[in-house]
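Going down the list, the sequences are from chains A and B. Residues 41 to 437 (my numbering) are what the first sequence spells out, left to right. Residues 577 to 678 (my numbering) are what the second sequence spells out, left to right.
Bear in mind the hints are in silico, worked out from the structure with no lab data behind them. Please note: incorrect hints may appear among the correct ones.
The following label-pair restraints were derived from C-beta to C-beta distances [stated by the list, open to error]: (1) B:SER589 <-> A:GLY241: 39 to 47 Å; (2) B:ARG616 <-> A:ASP91: 28 to 36 Å; (3) A:SER139 <-> B:LYS648: 28 to 36 Å; (4) A:GLU179 <-> B:LYS633: 25 to 33 Å; (5) B:ARG602 <-> A:SER139: 18 to 26 Å; (6) B:GLY645 <-> A:SER386: 21 to 29 Å; (7) B:GLY645 <-> A:ASP51: 41 to 49 Å.
Covered stretches of chain B (in silico footprint by chain A; criterion: 3 or more residues with CB under 8 Å from a CB of chain A, positions within the stretch not fixed) [unchecked claim]: (8) 597–607; (9) 635–648; (10) 663–669.
For every residue, glycine included, the Cβ atom is placed at its ideal position computed from N, Cα and C.
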Amino acid sequence: MMWTVDGQETDWPKLDSLEPEHVLDFYDGPRLFTVRTAENVQLLVYHCDADTEVDRFVLVPARDGLVAEIKGNLITLREALTSQPWAWIIDQALDGMLSRPRIVDLHKLPDDVLPREGARLSADTEVLLRLRMVGQGVEAGHILASVVKRAVDGATDAIKTLVRHALGASEVAGRPSEVVRRYYDLPAVHFAFRSFEIAFGKPGGPAELVDADMLRRIRPLLVKGLSWAEQTSELQPFILFEEHGNSEISTRLEWTAIINALAKLAPPQTGTVQEVEVSGVLAGLEYRVVRLTRHTARRISEARKLLNPDVRLHTDTGYVREFDKDKLTFFLRNVRAETVRSVEFSEEQYDDVWAAFDTDRVVTIVSTETAGATHAELVSITFGSSEAEDSGVTESE
Amino acid sequence: VYRIVKAAELEPSDFLSLQEMGRRVRAHLKCQAAGLSVYRDQRDAALCREKYPSLGKRIAQGILESEYGKLKPTPTDGNSHTTWWPYEGVVREKPFKVVEEE
Numbered sequence: 041m042m043w044t045v046d047g048q049e050t051d052w053p054k055l056d057s058l059e060p061e062h063v064l065d066f067y068d069g070p071r072l073f074t075v076r077t078a079e080n081v082q083l084l085v086y087h088c089d090a091d092t093e094v095d096r097f098v099l100v101p102a103r104d105g106l107v108a109e110i111k112g113n114l115i116t117l118r119e120a121l122t123s124q125p126w127a128w129i130i131d132q133a134l135d136g137m138l139s140r141p142r143i144v145d146l147h148k149l150p151d152d153v154l155p156r157e158g159a160r161l162s163a164d165t166e167v168l169l170r171l172r173m174v175g176q177g178v179e180a181g182h183i184l185a186s187v188v189k190r191a192v193d194g195a196t197d198a199i200k201t202l203v204r205h206a207l208g209a210s211e212v213a214g215r216p217s218e219v220v221r222r223y224y225d226l227p228a229v230h231f232a233f234r235s236f237e238i239a240f241g242k243p244g245g246p247a248e249l250v251d252a253d254m255l256r257r258i259r260p261l262l263v264k265g266l267s268w269a270e271q272t273s274e275l276q277p278f279i280l281f282e283e284h285g286n287s288e289i290s291t292r293l294e295w296t297a298i299i300n301a302l303a304k305l306a307p308p309q310t311g312t313v314q315e316v317e318v319s320g321v322l323a324g325l326e327y328r329v330v331r332l333t334r335h336t337a338r339r340i341s342e343a344r345k346l347l348n349p350d351v352r353l354h355t356d357t358g359y360v361r362e363f364d365k366d367k368l369t370f371f372l373r374n375v376r377a378e379t380v381r382s383v384e385f386s387e388e389q390y391d392d393v394w395a396a397f398d399t400d401r402v403v404t405i406v407s408t409e410t411a412g413a414t415h416a417e418l419v420s421i422t423f424g425s426s427e428a429e430d431s432g433v434t435e436s437e
Numbered sequence: 577v578y579r580i581v582k583a584a585e586l587e588p589s590d591f592l593s594l595q596e597m598g599r600r601v602r603a604h605l606k607c608q609a610a611g612l613s614v615y616r617d618q619r620d621a622a623l624c625r626e627k628y629p630s631l632g633k634r635i636a637q638g639i640l641e642s643e644y645g646k647l648k649p650t651p652t653d654g655n656s657h658t659t660w661w662p663y664e665g666v667v668r669e670k671p672f673k674v675v676e677e678e
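Using the sequences and the accompanying hints, generate a full structural model.
See below:
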């Protein structure tokens, strides 16, 4: 006995049969296809359930371009169905007789009768990394710039973290080479604005400059991290590997990089974005997605505390001196020319740090310092003093 | 090859073609609908399960020697979809075992 359809019977769409016009997917019969009504309106048809007596189908209007988007893997099947203004359910008996259409709200259907979140028609083999930002208010026409920025920065910074780990700690400081930059400054190959979604393709440029091995090296790290993130267990990775008798420093460093990368991808605890769906070749997720929720973000935060117990946060005020544009480092000094902090910064922070150096203006910086590291890592830089006219102030926590 | 199944214990009902289930099939699809869908790549089976959850939560793997019937690649968009036409009398579920379960 099949589930009861909660929906009102309608006279439209008028169909004599569900004779496919185009079959988009086949598994023991057409699973996803189009039909055309007597009025020449094209509908998308999804085989949603069956029992021994009946096949049940969801039908939605196949707006212009929808079929091309499905075939081009640009839209998930769930979105293709649920983003349409109307949806109907029709049952087909063994003899081919169709029930009257019932107009339904697809969001109210039972679980497991619609495609899973993130599933596309084909495997996502051309996309290295795809992020989809999900949250109330993240919808077409209302995508905040901060959401776009978070998606782009999150993907870039996560890959950069893993590339840096793969290259070894000695490569951490300094301006990344063009070759290294290729791995995280990836070409965006697709944007979608139903929620906000960005897909990154493979690195471009001359083949001899692209070390394909690098992508093979960082892929297992991201796969491992996402696999951990997906677990419902509260166990932290550090505990997991210690339980297996592996407390080597290399394992700890690897997990530190993995967790730091996940932290870049996960949604914030507040704000518009509540979930981030991750998929793509680099994530080992050509065939499905992993959803990072706020709960995942909390687990990541706890893991970071375990893995980075010796990280201290500093807020300092002073002047940027000895700006090294090759190594991307500077010294922050107070009015007495005493070095307050040796700091490493990213290319994205270059212009701000340069402006501070060039104009001799007092700045307040926030940085993190890891025990044993030569340089603190710049988190933010703002012009002006937190304590007016008294540069050289330092606060640590 | 891999096939999506419903129960942990494989049953003959997991291995029936559309035609055998008594479904009405259009003339041009009759040949394919007389066979069973399988994939050569387990990941394609996993994707199919994501697309059509009502098919079942499990994936069964089987090695189909020639005595089990005929196989022909029938890909959709380059995937590993293959149609299996079992010979009459073979116990279809026999070479399969569940290898993946949600």
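Exercise. Run the structure past the numbered hints and jot down the numbers of the failing ones, going up.
Key: As far as the earlier hints go, 6, 9, 10 are violated by this structure, in ascending order.
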